[in-house]
Amino acid sequence: MEMAKDIKKQRSDLERLSRLERLVDRYAQSRSLGLLLFVGLIVVATVLAVVLMELLSRKPTWWLIGMVMLLMVGMSFVGLWLTIKVLPKYERRFYKKEGQIELKQKKVPIWAFVAYVVAFLAPIALNAAEIIPTRWALTLALASLAVFVFYASGKEKNRVLGLVFCVVSLLEAALTAVGAPTPFAGNDWLYSCFVALMIYIALASLVTAVVVHIYNRVILRKIKEMRPFGECEANKSDS
Amino acid sequence: MRLTILKILTSAKEVDFNFLLTTLGVTKGNLATHINKLESTGLIEVKKEFRGKIPHTSYKITRTGQRQFQNYWENIKNLAPQ
Numbered sequence: 001m002e003m004a005k006d007i008k009k010q011r012s013d014l015e016r017l018s019r020l021e022r023l024v025d026r027y028a029q030s031r032s033l034g035l036l037l038f039v040g041l042i043v044v045a046t047v048l049a050v051v052l053m054e055l056l057s058r059k060p061t062w063w064l065i066g067m068v069m070l071l072m073v074g075m076s077f078v079g080l081w082l083t084i085k086v087l088p089k090y091e092r093r094f095y096k097k098e099g100q101i102e103l104k105q106k107k108v109p110i111w112a113f114v115a116y117v118v119a120f121l122a123p124i125a126l127n128a129a130e131i132i133p134t135r136w137a138l139t140l141a142l143a144s145l146a147v148f149v150f151y152a153s154g155k156e157k158n159r160v161l162g163l164v165f166c167v168v169s170l171l172e173a174a175l176t177a178v179g180a181p182t183p184f185a186g187n188d189w190l191y192s193c194f195v196a197l198m199i200y201i202a203l204a205s206l207v208t209a210v211v212v213h214i215y216n217r218v219i220l221r222k223i224k225e226m227r228p229f230g231e232c233e234a235n236k237s238d239s
Numbered sequence: 240m241r242l243t244i245l246k247i248l249t250s251a252k253e254v255d256f257n258f259l260l261t262t263l264g265v266t267k268g269n270l271a272t273h274i275n276k277l278e279s280t281g282l283i284e285v286k287k288e289f290r291g292k293i294p295h296t297s298y299k300i301t302r303t304g305q306r307q308f309q310n311y312w313e314n315i316k317n318l319a320p321q
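Just so you know, the sequences run in chain order L and R.
With the numbering used here, letter number 142 in the first sequence gets 142, and the count goes up by one each step, no holes.
With the numbering used here, letter number 38 in the second sequence gets 277, and the count goes up by one each step, no holes.
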């Protein structure tokens, strides 16, 4: 009788611990507020790019073309450096009070990153050369971004975030493909393709940040509901 | 409680003190005592550093801890099959 009770208790403890592990994993993989910094970065970069291009189109001297090109290249590198190195450091601050967890991540292979860059940039370049229409360029760029983010999120243990971002981006891509009106449609390439794409990416990031943050709070509440865990008195054994 | 701490640490690379406080919902003193016991038995490793001027403590499970916890988990699973 006693043994049966013990086994039953052990089984329920086991189930609780397994459930807690799953919840902690989901909670750690759904920290999305860092995306707000990314949105800010996109907005600043887009505004800077538009100002520079407008400046270039009004007074196109060789000196100005050189300066703008240099600035654009510099901005791309600074943007990449900020996204890879600085953002992860600052996005931790959103969860300073709740604490940090570092999951066992795998690195995204270089070939995948290169494939993504090509798949993302090729339709934009083809559109700039007026080979494919803006609608298809936006669709292809958004779809490749969605697929890459989903793949990378699996490797970097950010699956919830990656899944939501992928779904929102694919939805935007599908809407564009079926002919939904895009922002700045009909204007020149800078607005109809580049700025429109940046707006779509910023919007997808914003929606993802909000949805995943709500999910994160739900998971945290579920974890809190599971308390107390085992024997809380520090000088007693767990068993 | 210590089993729960170990279970969280097995699924993560590194976890800090505040994270354990948030998930486990115990007092700081209580958690520190549990952690000291786990550290003294060599099951977990404590890393103390300064981030700016603020001290920061993080924990990770040692190889011994990982192995022992795995064995314990398997034994319990066999004892209490689904």
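Treat each hint with caution, since some may be false.
[What the hints assert, rightly or not] The list that follows gives simulated cross-link-like pairs (lysine-lysine, DSS-like), each with its CA atoms no further than 30 Å apart:
no.: 1; chain 1: R; residue 1: 316; chain 2: L; residue 2: 96
no.: 2; chain 1: L; residue 1: 89; chain 2: L; residue 2: 155
no.: 3; chain 1: R; residue 1: 316; chain 2: L; residue 2: 9
no.: 4; chain 1: L; residue 1: 9; chain 2: R; residue 2: 287
no.: 5; chain 1: L; residue 1: 89; chain 2: R; residue 2: 316
no.: 6; chain 1: R; residue 1: 292; chain 2: L; residue 2: 89
no.: 7; chain 1: L; residue 1: 5; chain 2: L; residue 2: 224
no.: 8; chain 1: R; residue 1: 292; chain 2: R; residue 2: 316
no.: 9; chain 1: L; residue 1: 155; chain 2: L; residue 2: 8
no.: 10; chain 1: L; residue 1: 104; chain 2: R; residue 2: 252
no.: 11; chain 1: R; residue 1: 276; chain 2: L; residue 2: 107
no.: 12; chain 1: L; residue 1: 222; chain 2: R; residue 2: 292
no.: 13; chain 1: R; residue 1: 252; chain 2: L; residue 2: 97
no.: 14; chain 1: R; residue 1: 287; chain 2: R; residue 2: 299
no.: 15; chain 1: L; residue 1: 85; chain 2: R; residue 2: 276
no.: 16; chain 1: L; residue 1: 85; chain 2: L; residue 2: 59
no.: 17; chain 1: R; residue 1: 246; chain 2: L; residue 2: 157
no.: 18; chain 1: R; residue 1: 267; chain 2: L; residue 2: 89
no.: 19; chain 1: L; residue 1: 155; chain 2: R; residue 2: 267
no.: 20; chain 1: R; residue 1: 299; chain 2: L; residue 2: 155
no.: 21; chain 1: R; residue 1: 267; chain 2: R; residue 2: 286
no.: 22; chain 1: L; residue 1: 222; chain 2: L; residue 2: 106
no.: 23; chain 1: R; residue 1: 287; chain 2: L; residue 2: 8
no.: 24; chain 1: R; residue 1: 292; chain 2: R; residue 2: 267
no.: 25; chain 1: L; residue 1: 85; chain 2: R; residue 2: 286
no.: 26; chain 1: R; residue 1: 316; chain 2: L; residue 2: 97
no.: 27; chain 1: R; residue 1: 287; chain 2: L; residue 2: 155
no.: 28; chain 1: R; residue 1: 292; chain 2: L; residue 2: 85
no.: 29; chain 1: R; residue 1: 287; chain 2: R; residue 2: 316
no.: 30; chain 1: R; residue 1: 286; chain 2: L; residue 2: 8
no.: 31; chain 1: L; residue 1: 59; chain 2: L; residue 2: 107
no.: 32; chain 1: R; residue 1: 267; chain 2: L; residue 2: 224
no.: 33; chain 1: L; residue 1: 157; chain 2: R; residue 2: 287
no.: 34; chain 1: L; residue 1: 104; chain 2: R; residue 2: 276
no.: 35; chain 1: R; residue 1: 267; chain 2: L; residue 2: 107
no.: 36; chain 1: L; residue 1: 85; chain 2: R; residue 2: 316
Rather than coming from a laboratory, the hints here were simulated on the basis of the structure.
Outcome of the hint check:
no.: 1; hint: R:316 to L:96; result: 36 Å, violated
no.: 2; hint: L:89 to L:155; result: 19 Å, holds
no.: 3; hint: R:316 to L:9; result: 12 Å, holds
no.: 4; hint: L:9 to R:287; result: 37 Å, violated
no.: 5; hint: L:89 to R:316; result: 39 Å, violated
no.: 6; hint: R:292 to L:89; result: 16 Å, holds
no.: 7; hint: L:5 to L:224; result: 26 Å, holds
no.: 8; hint: R:292 to R:316; result: 45 Å, violated
no.: 9; hint: L:155 to L:8; result: 37 Å, violated
no.: 10; hint: L:104 to R:252; result: 5 Å, holds
no.: 11; hint: R:276 to L:107; result: 34 Å, violated
no.: 12; hint: L:222 to R:292; result: 34 Å, violated
no.: 13; hint: R:252 to L:97; result: 19 Å, holds
no.: 14; hint: R:287 to R:299; result: 12 Å, holds
no.: 15; hint: L:85 to R:276; result: 36 Å, violated
no.: 16; hint: L:85 to L:59; result: 36 Å, violated
no.: 17; hint: R:246 to L:157; result: 18 Å, holds
no.: 18; hint: R:267 to L:89; result: 25 Å, holds
no.: 19; hint: L:155 to R:267; result: 33 Å, violated
no.: 20; hint: R:299 to L:155; result: 21 Å, holds
no.: 21; hint: R:267 to R:286; result: 17 Å, holds
no.: 22; hint: L:222 to L:106; result: 28 Å, holds
no.: 23; hint: R:287 to L:8; result: 40 Å, violated
no.: 24; hint: R:292 to R:267; result: 20 Å, holds
no.: 25; hint: L:85 to R:286; result: 22 Å, holds
no.: 26; hint: R:316 to L:97; result: 35 Å, violated
no.: 27; hint: R:287 to L:155; result: 28 Å, holds
no.: 28; hint: R:292 to L:85; result: 21 Å, holds
no.: 29; hint: R:287 to R:316; result: 35 Å, violated
no.: 30; hint: R:286 to L:8; result: 37 Å, violated
no.: 31; hint: L:59 to L:107; result: 45 Å, violated
no.: 32; hint: R:267 to L:224; result: 16 Å, holds
no.: 33; hint: L:157 to R:287; result: 25 Å, holds
no.: 34; hint: L:104 to R:276; result: 25 Å, holds
no.: 35; hint: R:267 to L:107; result: 35 Å, violated
no.: 36; hint: L:85 to R:316; result: 42 Å, violated
In terms of the numbered hints stated before, the structure departs from hints 1, 4, 5, 8, 9, 11, 12, 15, 16, 19, 23, 26, 29, 30, 31, 35, 36, listed from lowest to highest.
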